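Asks: Below are the chains, spelled out letter by letter.
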Amino acid sequence: MKLVFYSGGHDKENLSLDKNFIELIGKKNPVVSFIPSSSYLSEQEFKVFVKHYSKFKISRFIHFPVDVPFDRIMFQEVMRSDAIHMGGGNTFYFLHSLRKAKLLKDLKSFAEKGGVLTGLSAGAIMMTENIEMAAYPDFDRDENNVGIKNLSALNLVDFCFFPHFKNSSRYDAVFKKYSKIKNKIIYACPDGAGIVVNGQELRFVGKTFAFSDGHKFSIN
Amino acid sequence: MNQAKKNSLDEVGKRSYSSFARVNGEHPFKSQVPGGRVEYKARYKKGGKVAFFNFDLAKEMGLISKSHLHQLNPDLEREILETFSIVIINEYDVINKIKFPEDEILPNTFMATRYLQLQHPDKCGRTSGDGRSIWNGTIRSNGVTWDISSCGTGATKLSPASNLNKKFYQTGDPSISYGCGLSEVGEGLETLFFSEVLGKNGFKTERVLAIIEFEKGLSINVRANPNLLRPSHFFGHLKQGNLKTLKNVADYHIARQIENKQWSQTTFKNDKEKYFYLAHQVAKCFAETAAKFEDEYIFCWLDWDGDNILMDGGIIDYGSIRQFGLFHAEYRYDDVQRFSTSILEQKLKAKYIVQCFVQIADFLTTGKKKSLSQFKHHEVIKYFDKHFTDCKERNLIQKIGFKKNQQELVLKNHKDLVTRFRKTFTYFERAKSRKGIYKVADGVTRDAVFCMRDILREYPQLYLTRQSPLSHMEFMEVIKSSYAKKGDLKLTELRKKQINRFQNSYMALVSAVEKESHQNRSQLLLELTMRSSIINKYDRVTGDSITYIVQKVQKLRPKLNADELFKLAQEFSSYQNLDPDQKKISNEVLPRHKNIMQNIYSIVRECREGI
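The listed protein sequences derive, respectively, from chains A and B.
Using the working numbering, the letters of the first sequence correspond one by one to residues 19 to 238.
Using the working numbering, the letters of the second sequence correspond one by one to residues 554 to 1164.
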């Protein structure tokens, strides 16, 4: 599988991750689809997205909001694209919309068949087993305004991903505690950092932290 | 409340909101068009509360400073109430010798203007006009003079009820509704939400400055615009052959347009040139407005009395305004005695209004009122027709997503391509459901079956990624609306031809711009993709959605103060701003508004193809 987990941050901060992303695509003039977490003002987000990736000589993009009905033709084109990027925003709302649109299975299959799947913040959490991370920690969490209870997501990797991590004792305490309950390792990335998955290989870009069994480790 | 307003002083002893004092009933129309208004004494109306205040508009009008916080404070609230919470002392009050405390009576009079209205039996404008509104006055700021008027300020003798029943009504008389002189918060909110969205999207429109709320959902709704004159302000005097007052109205209007720098020509050799220039300006504005209404699916009940529209084609009175999601060309509003015009008939009515202005120009120049039919083929009418078509073509290439300079290039050098595309675009846009005409809550309609916004939004993306056109079936899949049934989607030979024509002429336009602007095709299609995704946004507001949103907001209102309502209106209009060139977009929604806004988005989405 080819996945890129973006934490967040500015264009320049993500340059290394972007280079990895382009490398993973490995094709000239690819088609990249953008799935925003919500259609609200997503046209503006799409503009920013296009402007950013045009720098990498990509010129074919699809804007594909999933919380509004879409037609079969657009959907097929998205699934045929070389890469799909899932945007940031409210993770609960995003999952709710993906599930309502019955897209979870298709996105999983897209990644399994070799399509490059990337996500930023909420979009990155979406690629893990579930979106529990969006509810942590209490002082920095998404609101579950849509009231969803089934938090299972794409389950493409066997780790948890926490974006926008701030290296502080407050966060450490929460994640140490959480990692004790969970059997999975938590990778916490500050803005600009992220993870690249290419088959069995896991590459960490930027300063990343790992929490496992009540301990914290620094990677890179 | 005393006639001399209480002064709100700031720390240095200077009055904080002194501009409000200028809005006191005085208006140049009173002296310049004495035959065009009725004057009323007025009094302060107690028990009002500011439900909404438009801080942005107030800044534009110079009523508050540019740096004023978007928050009401006790001084500002008091100024708003003292200025706008008023009710007229009408004929009923005078005849019945109703006494009001002296200190509640305001020093100046306020005018209700006379204009032609179809509903009145005399149909000549002798008895009609502002039936429940008065003009608060004018205010000048940054080179623009603004008119301010308020609706719900009491029953005037110009209301239809008063004339149909030949009696004067007491303000608030429960035996009649429209003629009782009052208005409701819901009306104000509907105008607020609709006008802010349409204003942001390039429509000329009245705007809501304030809503003052009273018990039982009643309100005074304060509106503003740089010129609140309507064609019907002229037509009453035209019908009556009242040359003197007609000339007064025309001269007053011309002076205001020049004062507000709305006209490029400001001096005239003679009256003939002046009044025909007026007719030409009306033709220009009404051609633009009629084309925009048709292209943006705005239903505005234009009729020969010209009372539902401003002189520059701006929208006034949102009571019957709708925006359709699709081109529902046969929707008609049922006004009990008659049905309204349909969206396609608006152009003819606009043209008729222009023809009346040619008649007016001739009347004012020669002193003789000729038959309207004599002006049917006048140069001004020809100009209207041509300008209307030009506007339609410009609107269409703007909707495709071309930038302004690209639009100019195409219109200058490849007009034939635009016309060709417009023909096939119109074929799909106007396709109607086989279901036929049926009744809806407030009238009759027949469904359109294709969603042109969808195809304009998706086509450049699909072409860009595939580098080839869509098959006939795929095209139908993208363009079909939720109203389309199997029978509406038959792939006949004609339809197949039209699908080919649509795609070929679209790409011919792209190729033309590509060559003219030395851009490569991918870049251009990508640019169109981004721009058209904003212009042809999936969830665009419709008339029904505004109604439901206002119902929702009204339910929440007890918890929403004036500041929050202002912020909510800002958030909503920002979300519905379809300008691809907007510099900066605020996507900040107050945390406590997130749920409300989510609800609003759902409403807009659900109603997006309706009426």
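These are computed hints drawn from the structure, not numbers from a lab.
Computed from a prediction, not measured in an experiment: that's the story for all the values here.
Backbone N, C-alpha and C define an ideal beta-carbon position, used for all residues, glycine too.
There may be inaccurate statements among the hints.
The following label-pair restraints were derived from C-beta to C-beta distances [what the hints assert, rightly or not]:
1. Lys1043(B) - Lys45(A): 38 to 44 Å
2. Pro627(B) - Lys202(A): 33 to 39 Å
3. Asp1134(B) - Gln218(A): 57 to 63 Å
4. Lys992(B) - Lys123(A): 52 to 58 Å
5. Asn163(A) - Lys957(B): 38 to 44 Å
6. Asn813(B) - Glu161(A): 46 to 52 Å
7. Glu130(A) - Ser620(B): 34 to 40 Å
8. Gly770(B) - Asn47(A): 56 to 62 Å
9. Glu150(A) - Val889(B): 57 to 63 Å
10. Arg98(A) - Asn813(B): 52 to 58 Å
Asks: For every hint, state whether the structure bears it out.
Replies: Hints, one by one, checked against the model:
no. : hint                               : verdict
1   : Lys1043(B) - Lys45(A): 38 to 44 Å  : holds (40 Å)
2   : Pro627(B) - Lys202(A): 33 to 39 Å  : violated (57 Å)
3   : Asp1134(B) - Gln218(A): 57 to 63 Å : violated (48 Å)
4   : Lys992(B) - Lys123(A): 52 to 58 Å  : violated (43 Å)
5   : Asn163(A) - Lys957(B): 38 to 44 Å  : holds (40 Å)
6   : Asn813(B) - Glu161(A): 46 to 52 Å  : holds (47 Å)
7   : Glu130(A) - Ser620(B): 34 to 40 Å  : violated (57 Å)
8   : Gly770(B) - Asn47(A): 56 to 62 Å   : holds (60 Å)
9   : Glu150(A) - Val889(B): 57 to 63 Å  : holds (59 Å)
10  : Arg98(A) - Asn813(B): 52 to 58 Å   : holds (55 Å)
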